[in-house]
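Since the structure of chain A is already known, use the hints to place chain B on it.
The lines below spell out each chain.
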Amino acid sequence: MTDSHIETIRNLAYLLASVLFIFGLKGLTHPRTAVRGMQMGALGMFVAVLATVVAGGILSWTWVVAGLLIGSIVGVLMAIKIPLTDIPQMVALFNGFGGAASFLVAGSELVLRIGAGSSGADTPGTSQAVAGAVIPIQSLIAISASGMIGSLTLLGSLIAAGKLHEVSFSWGGKKVWMSNALLLPGRHAITGICFAACLIVCALIVMNPSTSAWYWVLVALAAVFGILITIPIGGADMPVVIALLNSYSGLAACATGFVINNTVLIIAGALVGASGLILTNIMCKAMNRSLTNVMFAKLGQGGDGGPSADDVYEGKVKTTSAEEVAMLFDGARRVVIVPGYGMAVSQAQHAVRDLANLLESRGVEVEFAIHPVAGRMPGHMNVLLAEADIPYDKLKEMDEINPTLETIDVALVVGANDVVNPVARTDPSSPIAGMPIIDVDKCRTVVVIKRSLSPGFAGIPNPLFAADNTLMLFNDGKKAFLELTAAVKES
Amino acid sequence: MDNIALLAQAASADGATLVMLLTVFVLAVFVGFEVITKVPPTLHTPLMAGSNAVSGITVVGALVAAGAGQGALSTGLGFVAVILATINVVGGFLVSHRMLEMFRKKD
Numbered sequence: 001m002t003d004s005h006i007e008t009i010r011n012l013a014y015l016l017a018s019v020l021f022i023f024g025l026k027g028l029t030h031p032r033t034a035v036r037g038m039q040m041g042a043l044g045m046f047v048a049v050l051a052t053v054v055a056g057g058i059l060s061w062t063w064v065v066a067g068l069l070i071g072s073i074v075g076v077l078m079a080i081k082i083p084l085t086d087i088p089q090m091v092a093l094f095n096g097f098g099g100a101a102s103f104l105v106a107g108s109e110l111v112l113r114i115g116a117g118s119s120g121a122d123t124p125g126t127s128q129a130v131a132g133a134v135i136p137i138q139s140l141i142a143i144s145a146s147g148m149i150g151s152l153t154l155l156g157s158l159i160a161a162g163k164l165h166e167v168s169f170s171w172g173g174k175k176v177w178m179s180n181a182l183l184l185p186g187r188h189a190i191t192g193i194c195f196a197a198c199l200i201v202c203a204l205i206v207m208n209p210s211t212s213a214w215y216w217v218l219v220a221l222a223a224v225f226g227i228l229i230t231i232p233i234g235g236a237d238m239p240v241v242i243a244l245l246n247s248y249s250g251l252a253a254c255a256t257g258f259v260i261n262n263t264v265l266i267i268a269g270a271l272v273g274a275s276g277l278i279l280t281n282i283m284c285k286a287m288n289r290s291l292t293n294v295m296f297a298k299l300g301q302g303g304d305g306g307p308s309a310d311d312v313y314e315g316k317v318k319t320t321s322a323e324e325v326a327m328l329f330d331g332a333r334r335v336v337i338v339p340g341y342g343m344a345v346s347q348a349q350h351a352v353r354d355l356a357n358l359l360e361s362r363g364v365e366v367e368f369a370i371h372p373v374a375g376r377m378p379g380h381m382n383v384l385l386a387e388a389d390i391p392y393d394k395l396k397e398m399d400e401i402n403p404t405l406e407t408i409d410v411a412l413v414v415g416a417n418d419v420v421n422p423v424a425r426t427d428p429s430s431p432i433a434g435m436p437i438i439d440v441d442k443c444r445t446v447v448v449i450k451r452s453l454s455p456g457f458a459g460i461p462n463p464l465f466a467a468d469n470t471l472m473l474f475n476d477g478k479k480a481f482l483e484l485t486a487a488v489k490e491s
Numbered sequence: 001m002d003n004i005a006l007l008a009q010a011a012s013a014d015g016a017t018l019v020m021l022l023t024v025f026v027l028a029v030f031v032g033f034e035v036i037t038k039v040p041p042t043l044h045t046p047l048m049a050g051s052n053a054v055s056g057i058t059v060v061g062a063l064v065a066a067g068a069g070q071g072a073l074s075t076g077l078g079f080v081a082v083i084l085a086t087i088n089v090v091g092g093f094l095v096s097h098r099m100l101e102m103f104r105k106k107d
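The listed protein sequences correspond, in order, to chains A and B. 1 is the number of the first residue of the first sequence in my numbering; add one for each residue after it. 1 is the number of the first residue of the second sequence in my numbering; add one for each residue after it.
With the rest of the complex left out, here is chain A (with noise of 0.2 Å):
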């Protein structure tokens, strides 16, 4: 075979690995489907990776297999050692890792074409580079690209990753959460300094392509700015966070499908580009908040006029038991449970399920309404109940369970604050206002377990919890639960 031969060869399995990616996230359309179609997905990339080392052009063997190694061992001790609820930080990591390898070999690239062009016309055919030719500017172009998103990528990740993993620190004495936003003094002017500075180097490589320095000088300043866009946002706003540096992992895969002329990188690329920016958009959209003011300004910044907690609160909060609240459920036909973050963080979805299954044996129905921005990932509630073994067509969207909430007996909130936060709907000058909400206050009964009073990340108060029909159950979410099931069974 000739190698023009091998070439067609090689592409065409390329091109079955991007229609086994394409089928592949067809199959998460549906949970009976998707597992099916991860296994796709995974075929697809096999079949391109098996192409790329039987026909890709590769004469050393040690780097490449030490490295298909090392990988592998790494990735699969990763996967399986994590507990599932530290899959979020995991993605965030791992988005992190493609956006480093994309930039790396947009940077191997470059330095191989330079080399290529000063050694003259003596390395025909090796790689993707044009021997001896001046690199072309489209190139330069995606090089550059691929550097800054990739190299932002990276760094905006690994900050996500440690707000994610609640990593503190101490600074001068004091202990310092990452999760928490950081607000730097001027730090628009001097984020959109550093973007500004990127472009400027993005031109420099283009203009001086016989030096690969401006490209590290690139990826040491998107760094730089990956690390300003992240340290801002805080705890709640992590999903959109997450689903965006998701998108640009697939985008730098995509400039390094431009750069080494590859097709089934741009088209993977592409499709992960899409499905993360839907999924910012409907995070974006289930907070009724631009992307921009998620991105640059802060939620909540106090003092902006509405009541305080005490005239919210005053006197009018009634607090209950669990034997209060197994008495409810005597009488009740319709539960839904509301989760949120603090479920998460209190590990109850076991417990949860413990008291579902035993108030479904006595034939009272429970549901769990999902708000889309409920955790810290879009679909981390899911993910945490059915680890817990409920059933997904239990778990209802907000859509879906807001206009049949009427009928609901007893509503059950658990470690939810702003996304049952009615004054979205009642407080135009609210910094949730218009943000669409589970409205549980109009169940007959409403429970909130929660620690305390404390506001949510919008910091402000929640009427719900003064409301007339909701009691409040001051208490951890698991243990809460727990009691809830013991004095179920003793009634």
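Because the hints were derived from the structure by calculation, they are not lab data. A portion of the hints provided could be inaccurate.
[Said to hold, decoys possible] In silico SDA-like links for lysine to any residue, alpha-carbon gap of 25 Å or less:
(1) B:K38 to A:Q39
(2) A:K285 to B:P40
(3) B:K38 to A:L16
(4) A:K396 to B:P41
(5) A:K442 to A:T407
(6) A:K396 to B:T37
(7) A:K285 to B:V29
(8) A:K394 to B:P41
(9) B:K38 to A:D393
(10) A:K26 to B:R98
(11) A:K285 to B:V31
(12) A:K26 to B:F25
(13) A:K396 to B:P40
(14) A:K81 to B:F25
(15) B:K38 to A:K81
(16) B:K38 to A:P403
(17) A:K394 to B:T37
(18) B:K38 to A:N402
(19) A:K26 to B:V29
(20) A:K394 to B:P40
(21) B:K38 to A:K442
(22) B:K38 to A:T407
(23) A:K394 to A:N357
(24) A:K26 to B:L18
(25) B:K38 to A:L15
(26) B:K38 to A:F457
(27) B:K38 to A:V19
(28) A:K26 to B:T17
(29) B:K38 to A:H30
(30) A:K396 to B:F25
Values in this document were obtained by computation on a predicted structure and should not be read as measured data.
Same frame as chain A, but now just chain B:
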């Protein structure tokens, strides 16, 4: 043919390649939007883990960079890229699979 004509020819070939790649890119974005819009919220976390793994496709470029045998710097960058991209691919698909298994066993 003199050098300038050769260069011009190369440039127009590059231009054609670029347009072809851009076409592929734009069409893939449309396919992506069509397919992903239909993914239910329940599967958004597995979707992120899975699409994340797919973005590790850079491993293809990394393998070529690490194996081209073209100088230590280029190879070294490719080697690190192979490790990171492989972690991304293997870890991403496995985590996604772990989650989806939990969704499936209730059927």
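Evaluated hints:
1. B:K38 to A:Q39: This hinted pair holds, its Cα atoms lying about 19 Å apart.
2. A:K285 to B:P40: Holds: K285 (chain A) and P40 (chain B) sit about 16 Å apart, inside 25 Å.
3. B:K38 to A:L16: Roughly 23 Å between the alpha carbons, so the hint for K38 (chain B) and L16 (chain A) holds.
4. A:K396 to B:P41: holds, 10 Å
5. A:K442 to A:T407: holds, 9 Å
6. A:K396 to B:T37: holds, 18 Å
7. A:K285 to B:V29: With a Cα-Cα distance of about 21 Å, the restraint between K285 (chain A) and V29 (chain B) holds, given a limit of 25 Å.
8. A:K394 to B:P41: holds, 13 Å
9. B:K38 to A:D393: holds, 17 Å
10. A:K26 to B:R98: holds, 18 Å
11. A:K285 to B:V31: holds, 22 Å
12. A:K26 to B:F25: holds, 18 Å
13. A:K396 to B:P40: holds, 11 Å
14. A:K81 to B:F25: This hinted pair is violated, its Cα atoms lying about 36 Å apart.
15. B:K38 to A:K81: violated, 31 Å
16. B:K38 to A:P403: Holds: K38 (chain B) and P403 (chain A) sit about 22 Å apart, inside 25 Å.
17. A:K394 to B:T37: holds, 22 Å
18. B:K38 to A:N402: holds, 21 Å
19. A:K26 to B:V29: Holds, at roughly 14 Å.
20. A:K394 to B:P40: holds, 14 Å
21. B:K38 to A:K442: Outside the cut-off at roughly 30 Å; violated.
22. B:K38 to A:T407: violated, 29 Å
23. A:K394 to A:N357: Between K394 (chain A) and N357 (chain A) the Cα gap is close to 12 Å, so the pair holds against 25 Å.
24. A:K26 to B:L18: Answer violated: K26 (chain A) to L18 (chain B) is near 28 Å, above 25 Å.
25. B:K38 to A:L15: Holds - the C-alpha atoms of L15 (chain A) and K38 (chain B) are around 23 Å apart, at most 25 Å.
26. B:K38 to A:F457: Violated: K38 (chain B) and F457 (chain A) sit about 30 Å apart, past 25 Å.
27. B:K38 to A:V19: holds, 18 Å
28. A:K26 to B:T17: violated, 29 Å
29. B:K38 to A:H30: holds, 9 Å
30. A:K396 to B:F25: Violated. K396 (chain A) to F25 (chain B) sits at ~35 Å, over the 25 Å cutoff.
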